[in-house]
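A.B. asks: Oh and the sequence shown: position 168 is 178 in our numbering, straight run, nothing missing.
Simulated from the structure, these hints should not be mistaken for laboratory data. One thing to keep in mind: the hints can contain errors.
Per label pair, the in silico range of CB-to-CB distance [as the list claims (entries may be wrong)]:
| hint | residue 1 | residue 2 | range |
| --- | --- | --- | --- |
| 1 | 372 | 406 | 19 to 27 angstroms |
| 2 | 472 | 560 | 28 to 36 angstroms |
| 3 | 429 | 47 | 47 to 55 angstroms |
| 4 | 269 | 129 | 17 to 25 angstroms |
For glycine and all other residues, C-beta sits at the position ideal for the given N, C-alpha and C.
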Amino acid sequence: MFKKKNRKKTSRAMLSAYSIIMILIVLLGILSHVLPKAKYHEAPVEDETVQVEEETAPQLEATVGAEGQLIANNDSVTPLDAGTETTLDGAEAATTTEEETTYDSLEACEEALGEGACAIVDGSGVEGAKLYQILIAPILGFENAIDVCIFVMVLGGFLAVMAKTKALETGIKILVKKLHGKEYLLILLLMLIFSVLGTTYGFLEESVGFYVLIAATMYAAGMDPLVGVATILLGAGSGVLGSTINPFATGVAVSAMKDAGIEFNNGTVILIGVVLWLTTLAISAFFVVKYAKKVQRDKGSTFLSLREQAAAEKKYGKFLEAKDDALKLTGTQIASLIVFAFSFVVMIISFIPWGEFFENNIFAQFHDALGGFFAGGLTGAALGDWWFYEAALWFFLMSIVISLINRQGEHGYVDTFIDGADDMIGVVLVIAVARGASVLMAQTSLDNYIVYNASNFLATLPEMAFVPLNYLLHVVLSVLVPSSSGLATLSTPIIAPVAQNLGYSTDVAAMTIVAANGLVNLITPTCGAIMGGLALAKVDYATWFKWGIRVVGCIAVVNIIVLCLFSLG
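Hey, can you work out the whole structure from these sequences and the hints?
C.D. replies: Okay, here's the thing in structure tokens:
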């Protein structure tokens with residue numbers, strides 16, 4: 011379908027997603043040996059912290075000293091030259107101040123204080139990665155991402171059972187025929203819907219299930235799977251970037267500021283999120299529609315390589331067949347499509363944390379009212395409290411329902427489901443390997459070192475320089491820590507106090523973290539949602555990066571402008 015008309019396109023030899031991520035993991039391992047070595051001290055005791063908070067005002071987790079230096083704990087500011095060095099056992103050095111002793115290694119600290127009694131001195135350095143840690147990081151990625159991996163495999167079985175009915179294939183053909191000449195409205199509508207889901211509860215990893223369906227629809231409409239990928243990823247990603255009430259991004263950041271005693275205006279935080287969301291969505295929609303029109307006019311203008319084009323034709327070519335005016339769905343196919351749509355609607359509803367928004371949650375109340383054999387409902391969790399295990403169980407049950415409707419039989423159902431799950435092995439592998447980078451980051455404390463030391467530098471800057479450089483800092487951190495909640499938990503208690511002590515907007519500081527993380531999760535190979543979605547749609551990461559980097563660049567510029575304007579208020 012996508013053969014070049016005007017110029018010859020050759021197949022490009024590009025690194026696979028696995029190789030790209032493995033190279034990143036190796037580079038992280040090397041970097042951990044270049045940076046200073048971490049120091050350790052006695053871990054804070056929670057009971058003592060609580061007692062202090064009762065007697066005094068809430069202490070900041072990071073403060074700015076008299077000379078502008080960042081104090082990365084709740085202790086009082088002490089001069090840099092107040093400590094003296096002593097030697098432990100003639101080998102391990104320790105630095106003693108009026109309040110604490112620091113140790114040059116975890117082993118020395120635990121030898122002196124006991125196992126489990128030590129913690130890293132924030133920003134002091136990193137732990138050099140061992141060879142085995144670098145090699146085993148992708149394997150540990152499976153453990154870290156096991157819930158997503160199981161969900162993707164079950165989803166593959168569900169989609170295979172549905173595909174066997176031919177209902178989805180026929181339905182897409184009918185939809186494309188009815189939307190002839192209006193395909194761009196479908197793109198805009200889908201992007202808007204995905205963005206609303208993104209800004210309200212961070213609908214990004216959950217969007218993986220839609221990639222095959224949307225990619226097939228765009229292919230059938232005369233475009234390419236890249237349009238489908240962009241519709242989902244930029245649509246949902248726009249909302250996540252401009253999170254308004256998303257509890258996994260803005261919610262975590264606001265909670266961290268509240269716990270640290272930082273003043274903020276929740277209304278302003280939401281307003282900043284709305285502006286970031288809508289401006290990012292507008293930019294994204296412009297680029298997606300422009301590219302879609304270009305491919306529809308000239309199939310040779312596709313960004314896909316010849317190999318990707320062949321893979322797309324093999325996977326989605328059936329949706330172009332039999333342009334019959336009498337094309338019609340059977341009663342069984344209609345019933346299958348209803349169950350299919352119902353399955354995804356329930357999944358979306360179940361992932362929205364209703365308890366965060368409404369005190370009287372009817373889903374939780376209904377779930378709690380169930381008793382006896384039916385206690386716990388079908389999945390063991392109320393709608394709104396689901397995660398990937400519950401969603402996997404739901405799609406497994408719905409695959410059985412679709413199989414019964416179409417009378418596929420026990421052997422037919424089992425064989426089809428297993429084949430579908432088998433097709434997802436490549437997707438599962440890439441998600442797990444991507445998580446391996448985050449595993450190595452945690453083991454080396456590289457994220458801790460970067461954010462604390464960068465904060466020291468940011469504390470010396472005027473606000474108009476603080477905002478864009480804070481954004482760029484979190485762009486880098488988000489490549490290493492793609493989780494929105496993980497980054498907000500790590501960074502907000504450090505950056506927000508710096509902003510407050512300098513008299514800068516804490517609302518802007520918090521949303522800068524959220525926006526930078528959302529931007530990176532449109533393009534980074536360490537994001538499982540990106541790599542999994544691309545694998546499902548049969549689009550190489552290198553192709554997505556080449557097409558998407560211009561869009562991401564434009565979004566970044568507008569984000570920084572918006573954040574700077576709000577900082578002036």
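A.B. asks: If a hint holds in the structure, say so; if it doesn't, say that too.
C.D. replies: Here is what the structure says about each hint:
The given range of 19 to 27 angstroms is respected by residue 372 and residue 406, whose C-beta atoms sit roughly 26 angstroms from each other. For the pair residue 472 and residue 560, the beta carbons lie near 30 angstroms from each other, so the given range of 28 to 36 angstroms is met. Look at residue 429 against residue 47: about 51 angstroms separates their beta carbons, and that is inside 47 to 55 angstroms. Here the CB-CB span from residue 269 to residue 129 is close to 18 angstroms, well matched to the stated 17 to 25 angstroms.
Figure legend: structure checked against the earlier numbered hints; every hint is met.
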